[in-house]
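Line by line, the protein sequences give chains A and B. Taking the UniProt record's numbering, I'd label the letters of the first sequence as residues 1 to 486. Taking the UniProt record's numbering, I'd label the letters of the second sequence as residues 1 to 486.
Hints may contain errors.
To be verified - Simulated crosslink set (DMTMM-like; lysine to aspartate or glutamate; CA at most 25 Å straight-line): (1) B:K294 to B:E269; (2) B:K294 to B:D448; (3) A:K294 to B:D448; (4) B:K294 to A:D343; (5) B:K294 to B:D436; (6) A:K294 to A:D396.
Hints in this document: simulated from the structure, not taken from any laboratory.
Read off the chains here:
Protein chains: 2
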Amino acid sequence: MPPHPAGSPSGSLAAGLAGGTQGPGRLRPLLGTVLTALADGATARGGPLPAGGPEAVARRVREACTPVLPDTGTGAEEALRTLVRALAEGAADPADPRCTAHLQCPPLAAAVAADLAAGVLNPSLDSWDQAPSATALEAETTAVLAALVYPHQGPGSQGPVHHAPDALITTGGTESNQLALLLAREHAAHPPLQVVCGANAHHSIHRAAWLLGLPEPVTVDTPAGIVDPGELARTLEHLPRRSTLVVATAGTTDTGAIDPLPQIGRIAEAYGAALHIDAAYGGPLLFSDREAPKLDGLTAAASVTLDLHKLGWQPVAAGLLAVPDTAALRPLDHRADYLNAADDTEAGMPDVLGRSLRTSRRPDVLKIAVTLRALGRDGIGRLVDTVCDQAHTFADLIEQEPGLTLHRRPAISTVLFRPADATDHQVAAIRRTLLDQGRAVLGRARADGRLWLKATLLNPATRPEDLQQLLDLITSAPRTEGTTDR
Amino acid sequence: MPPHPAGSPSGSLAAGLAGGTQGPGRLRPLLGTVLTALADGATARGGPLPAGGPEAVARRVREACTPVLPDTGTGAEEALRTLVRALAEGAADPADPRCTAHLQCPPLAAAVAADLAAGVLNPSLDSWDQAPSATALEAETTAVLAALVYPHQGPGSQGPVHHAPDALITTGGTESNQLALLLAREHAAHPPLQVVCGANAHHSIHRAAWLLGLPEPVTVDTPAGIVDPGELARTLEHLPRRSTLVVATAGTTDTGAIDPLPQIGRIAEAYGAALHIDAAYGGPLLFSDREAPKLDGLTAAASVTLDLHKLGWQPVAAGLLAVPDTAALRPLDHRADYLNAADDTEAGMPDVLGRSLRTSRRPDVLKIAVTLRALGRDGIGRLVDTVCDQAHTFADLIEQEPGLTLHRRPAISTVLFRPADATDHQVAAIRRTLLDQGRAVLGRARADGRLWLKATLLNPATRPEDLQQLLDLITSAPRTEGTTDR
């Protein structure tokens, strides 16, 4: 019955399961192969990303991975060596200080190592009997994270229901925002729910409204990069009377700016609107005593998005949606007899199907829990402080450079800047040239009517000299494609 | 600037990034800790799942993981040792032959090892400059998997558009089904889209319709466990004239049954309805020359769901949604200037934002690609054949056991059975007792008006004697709680 236990490469692999008492012994040599391939690939790349641009990268990957599905397998060792090396050689590695475009963090080794165990055991968080310990670990961990967001809502009971802050683990801010809008849709007394957000809100707010069949969000202009409370009030004043959800942002994607949360909370309340705060980026400032006050006003929100794969140093996915009371999650309650039959639930088996819209669900909680315990609140807070400090250092360096213009002092760890005399086309071309040459990964953002280069500092190991080298790449970059723009 | 490079445990961890050329060296000892903790946990568990039931498991996990967020960290080694061991000791490990309730497969070591590299490099598939090689690897791999589903639709061009089968990688069948309904909603000429499915369809169809703001699906009774074509035709005949999506299932959750796909395809076409086939479970039968004919009729579908974390031996998540033509995915096109600005796309940077509703997105493609290459089509096909053979062996053993009743010969690898003279309450109690004792994880399903025990055979290493031992647990189980039922 055990298929081809030895012999052909694919046969020997067939018996190679990761789990059980024998799995770790099978994994050990394969993990060695992966680590070697990662190191070889990083050395071959020799920089933050591969040189040559999209076509060259695609060609090299195609050469490495063809045939994708051979008739006869090449065996685990060969496949891992070839494909992991190709992935590493062609990666934009956020652990390189010159890879600093996006909210894509370099993950901690501890988090990545923990995530291995999630794959080995493959618990699926859609029923207790697929994930006994993972269910419990998720409950403990989300309760603590929710209490970090909503510290004043202590646990309590009303009748048979236990009231306490709670959090769902998601694939990221986008799913968290989608769930937030869904919960608001279901709680709406006067449907259809109208979402109101700043022009600075994440694109996922608009996409979620479309997905959920809601009206297009009403957008408040944000010329200063943050929602103006007076402008928000005027917008709410003129809306038809129906259920409204105001969405504020704590850490915009373009500049890292934080909307004035306390004022927005008061205005939303005054107009009877619910409030969701997308703190995907800024939320983990809560780990830092120094930075946490920037999030004052957070607890007024009916729901808060945060991502630990941004300021939190987790590999994707590690999103969260926090709510002040478990009862707010009730619209997600769902029954599927094979997963949470009523008599099983009555007999004491935890019902976890209502903790996600997914069914099969990987325990992303494990890497999060390992990180929280390994670093502690102080340790994570210090990492947060470090990248915020880096952003100020970077802004200082830009201000000291006559050929560069700084957009604004950083709110979190995002810095916008540009060559003082460049056109928008030249700015875009500089970014693409550095990408094509494999020299730097910088982002782009439009603010105050101009295009800027964007650096999002998320690498705690980056040194001041790395930041200076990044700037030197810009100041020494040749100008091209500058004729057709302002 | 580098924070606390040495000294306190959390300080030493702060510098411990998984990426770059130094990451593999940092990871090696941590992975050793994880493997040891996994082996220790599995040994301590000593069976398919922990004994004691939900409360005892929760208590042990709570003891291990408290405090979840200490002020000062315990360091990576301690956190990994403690939490990975707790997770393993409290896991329902699908690599144990007695853990056979759900479509939760025991992952291959090669797939799990590959997934480690995804975490280390942390490419995020929402823009090319976060994932150069991962973008290319995903394109190559999904094209091959889509061609497996739609072999007759070769690549071709009409004007500037390249037409070929395509597939999206999802978090699982639930997200795939959700996307399928969303695509159908957006393609609907006469909205609102009406979904029509069998009573045997996965609960995610109903949940997706709710999420998307669609009318409640019209459900066709399936007393035989599969959709009856005549019944479907009568249902479609009586629907109001508007856009309709018929959903068929290839591998139901309860019994593994496959709807009569060719007839359903003809009826859908005759009534002008679109067809989606949820082959989350059955889809990978395509890897086996022997089993693939069970899926005849698949290519008539506008979209097909399949999960490689079921028959495919991947850790969650490894879902797919295949379509016969890339153009079908156009409703997902989406622009966010920081990720796919028009001038970057024109300059040749691949636009990947339309390949998911998520934004940050982990490269689940890597483990899939490593598995396809390592095993080849033959190797995966043999694994498929093996578990299907096991199911027949298991059915044989049940038929030979006078005290047990077999529901039906298996369609894929799911087998329903029950003690011949037990009440439904007794069946449910037997399952819970085995769970509480930590002796077996069996599923449950209702069919032909009765409750059955369910075994879903997905472990290629399971031997006939393991199957006999599983049956012995049932035949020797004491009967309890049987007084109030039929």
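Hints and how they fare:
With a C-alpha separation of about 21 Å, the suggested pairing of K294 (chain B) with E269 (chain B) holds against the 25 Å cut-off. For the proposed pair K294 (chain B) and D448 (chain B), the alpha carbon gap of about 23 Å is at most 25 Å, so the pair holds. With a C-alpha separation of about 60 Å, the suggested pairing of K294 (chain A) with D448 (chain B) is violated against the 25 Å cut-off. Of the supplied pair hints, the one linking K294 (chain B) and D343 (chain A) is violated, its CA atoms being roughly 35 Å apart against a limit of 25 Å.
Only pairs whose Cα atoms come within 25 Å are accepted, and K294 (chain B) paired with D436 (chain B) is rejected, the gap being roughly 38 Å. With a C-alpha separation of about 21 Å, the suggested pair K294 (chain A) and D396 (chain A) falls inside the 25 Å cut-off, and the hint holds.
The structure does not agree with the numbered hints 3, 4 and 5 stated previously, though it agrees with the rest.
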